[in-house]
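Visitor: Here are the chains, one letter per residue:
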Amino acid sequence: MSEFGGMEELLQDFLMESNDLLSDVDNKLVELEKRPDDKALLNDIFRGFHTIKGGAGFLNVTAMVTLCHRTENLFDKLRNSELSLSPEVMDVILSATGVVQDMFGTLGQGLMPQPCDPALLAALDAVLAGESPSSAQAAAPAPAPAPASAAPAPAPAQPAAAPADGGPDWNALHQSVTGSQPAAQAAPAPAAAPAPAPAPVAEVVAPAAVPAPVAAVPPPSPAKTQPTVAQAKAGGNVSGPQENTIRIDTVRLDMVLNLSGEIGLTKNRLTTLRTEILQGNHDTNTLRSLDESISQLDLLVGDLQNAVMKTRMQPIGRLFQKYPRLARDLARQLGKEVELVLSGEETELDKTMIEDLNDPLVHLVRNAVDHGCELPNERIAIGKKPQSTVQLTAEQVGDHILIEITDDGRGMNADSLRRKAIEKGLIDVETANSLDEKQCLQLIFLPGFSTKDQISSVSGRGVGMDVVRTNIQKLNGRIDISSVPGEGTRMSISLPLTLAILPVLVVRVCNQAFAVPLAMVREIITIDPDAIQEVSGKPTIVVRDEILPLKTLAGLLGWEPTQKPCFGVLMQSAEKAFILAIDSFIGRDDVVIKPLQNIRPKGVAGATLSGDGSVVLVLDMEDLLSANEAGGGTRMSELISI
Amino acid sequence: MADKNMRFLVVDDFSTMRRIVRNLLKELGFTNVDEAEDGQVALHKLKTQHYDFVVSDWNMPNMTGIELLKAVRSEPTLKGLPFMMITAEAKRENIIEAAMAGASGYIVKPFTAATLEEKMNKIFQTMNK
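As given, the protein sequences belong to chains A and B, one line each in that order. Take the first sequence: its letters are residues 1 to 642, numbered as in full-length UniProt numbering. Take the second sequence: its letters are residues 1 to 129, numbered as in full-length UniProt numbering.
Take the hints with a grain of salt, since some may be wrong.
To be verified - The calculated label-pair distances, taken between Cβ atoms and stated as ranges, are:
1) 270/A to 124/B: 57 to 65 Å
2) 37/A to 62/B: 36 to 44 Å
3) 7/B to 20/A: 28 to 36 Å
As the list claims (entries may be wrong) - Which chain A residues face chain B? A few, computed with CB under 8 Å, are given here:
4) 47
5) 58
6) 348
To be verified - Which residues of chain A face chain B? A few of them, derived with a C-beta cut under 8 Å, are:
7) 7
8) 8
9) 10
10) 14
11) 17
12) 57
13) 271
14) 519
Honestly, the hints are just simulated from the structure, not real lab data. Backbone N, C-alpha and C fix where the C-beta goes; we use that ideal spot for every residue, glycine too.
The whole structure should be built from the sequences, with the hints applied where relevant.
Guide: In structure tokens, the structure reads:
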């Protein structure tokens with residue numbers, strides 16, 4: 001099986017590198033719309049297609065070579081000012097990059113991509129021939145115009161005319177240049193060399209160039225002439241294949257190697273010490289050495305964990321760079337003017353999290369453009385500048401990563417959100433009226449909530465925000481909204497740096513230790529039995545004017561409490577806050593969660609070992625709460641902390 | 001025949017392509033291969049280390065293959081170094097430009113190990129004349 005020219009093992013490398021390259025090209029294309037005459041940009045984009053084409057050629061991916069070749073020729077003309085960049089030309093180019101992206105997806109599954117839609121090739125050829133792509137569509141059924149328009153300029157050197165199949169005979173060309181001119185290699189004599197050379201070359205090129213205009217005209221295709229079809233598809237496909245390989249800075253890898261070597265040395269030292277101790281040598285020096293070695297091991301293991309974690313860290317920019325194009329395409333489709341501004345691309349995050357973040361972020365960027373940003377004339381009417389700005393930022397705040405998507409659009413109106421939720425039957429009027437403005441914003445996370453009356457093809461299917469929130473929570477993260485009507489909306493996502501190591505608070509209830517994720521812990525309070533008030537039959541405690549439900553951990557687990565709870569942990573998840581009543585604390589710890597094999601007790605995420613070697617169960621609070629809700633209690637009242 | 005231990009410098013900005021060329025050279029029995037990601041890096045390496053053969057891409061950022069070739073040929077110690085241009089440039093002017101700048105050979109992507117060997121042998125023959 002050598003479908004890829006015997007280079008299967010290079011396929012993954014090629015895809016990874018080319019995907020980056022294409023994302024870069026995509027962004028440069030968005031830039032290019034602002035500065036269509038920027039030669040450096042045109043050059044970079046040209047080189048991007050050129051490089052992808054070169055790699056694809058070695059892998060025998062003819063469909064990609066054909067497509068990249070034409071796109072590259074197009075950029076060659078653009079950078080030589082033989083063509084100018086119109087919005088129509090841009091659309092054709094963007095469709096082409098979308099198709100190349102799709103082909104990467106196909107290749108990622110180990111399949112050979114199908115030849116690309118002849119209509120797209122026709123559009124590219126038409127642009128190359130200096131026509132507008134729309135006229136090519138009109139002319140498509142009658143293939144005559146294309147060769148005719150190419151004919152007036154039958155320059156033999158015309159690069160655009162070179163077809164993918166039946167190209168010039170390079171061997172002959174090579175011989176004609178170097179073979180007939182051996183002097184040119186041994187002792188370059190520039191004056192003499194070029195003179196005889198052009199003649200034989202021209203002969204070889206000429207016959208190849210003649211059939212080109214004909215070959216370049218694809219069979220007319222009646223369907224799907226609009227480049228926008230491919231474009232919409234490209235937007236949905238930005239995530240591409242999941243990468244199974246990772247690129248690591250060699251410095252980081254060397255650090256891991258170095259540390260594991262040092263740990264080995266310390267282990268040897270400990271082995272020697274063990275022998276000594278077992279032989280009855282307990283003198284102060286031996287014990288001091290033991291103490292030193294263990295301290296050293298402690299330090300080294302900590303460093304090693306950090307170093308290993310760092311190998312998994314990737315800049316979030318690799319994800320961000322896909323979005324300007326996404327925002328641009330969507331804005332264009334909706335007739336809006338939107339600029340996506342990125343910052344903090346260098347912020348590093350665990351690789352697996354970066355992959356899992358893509359879908360939520362795509363959704364939020366789309367939402368910002370679709371729901372947040374107004375149409376240019378609406379903006380002008382209220383005194384804003386016609387172009388909206390959507391900011392996507394990332395930064396590390398302490399041991400968390402904060403990602404924010406901010407738009408300067410119409411913002412969210414608490415009343416209309418409330419009304420909508422009632423109309424959709426998601427909450428009753430009574431609940432709705434008891435919600436304050438911030439709580440109203442949280443309504444958009446309810447399953448089935450959609451703020452758009454008309455379902456658009458891009459967003460607004462109403463399956464979005466609750467899925468976004470669930471995905472973020474799966475990463476132990478949190479999403480918050482703030483919005484000012486008329487000024488804009490900000491979505492803030494807060495994530496831990498890694499999923500490998502989880503900081504937890506270890507608590508004790510019924511004489512057993514449990515770990516709860518520290519990310520959810522807001523504060524710790526002592527429970528004064530007199531402060532517990534009953535609100536509609538449920539225990540609550542007022543903490544700084546906030547009425548919070550009180551849930552005992554024993555109760556959530558379905559256990560009989562062995563004592564009155566003394567302490568409360570104020571837990572905050574995405575939209576609900578509550579107090580978890582426990583017996584006592586053990587402390588905070590960084591743990592590695594091990595999944596439980598074959599059993600999945602409700603509310604338990606996994607187990608870990610404590611310092612003394614005993615097993616501690618790590619609780620999944622969301623799971624535990626939903627299990628509790630299923631056994632009674634109204635959904636809304638718990639979902640929105642009343 | 002060519003010495004299998006001769007030292008190659010493969011110049012390309014696309015690391016996958018460097019690996020491809022490296023693999024093809026390995027197929028031909030040449031294992032002493034170093035890499036550079038653009039003309040600038042390559043020129044620095046060529047000036048500070050010894051190489052027997054350069055295989056360079058044309059289109060690269062910072063310093064293109066043709067600029068590298070010209071720089072190499074203008075360097076007294078490097079002007080006789082075998083220099084093969086690898087590119088997808090499908091233009092007649094390019095071949096002539098490369099020949100004029102003193103390229104020892106010119107090969108068009110994609111190519112097989114056999115093609116590479118053929119082109120290299122041609123260069124070795126010319127050198128031994």
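Visitor: Take the hints in turn and mark each one as holding or not.
Guide: Do the hints match the structure? See the list:
1. 270/A to 124/B: 57 to 65 Å: holds, 59 Å
2. 37/A to 62/B: 36 to 44 Å: Given a distance of about 22 Å, which is not inside 36 to 44 Å, the answer is violated.
3. 7/B to 20/A: 28 to 36 Å: holds, 30 Å
4. 47: holds, 5 Å
5. 58: holds, 4 Å
6. 348: violated, 21 Å
7. 7: holds, 7 Å
8. 8: violated, 12 Å
9. 10: holds, 6 Å
10. 14: holds, 5 Å
11. 17: Check passed: Cβ of residue 17/A comes within 5 Å of chain B, closer than 8 Å.
12. 57: With Cβ-Cβ at 4 Å, under 8 Å, it holds.
13. 271: violated, 40 Å
14. 519: At about 38 Å, which exceeds the 8 Å cut-off, the nearest Cβ of chain B leaves the hint on residue 519/A violated.
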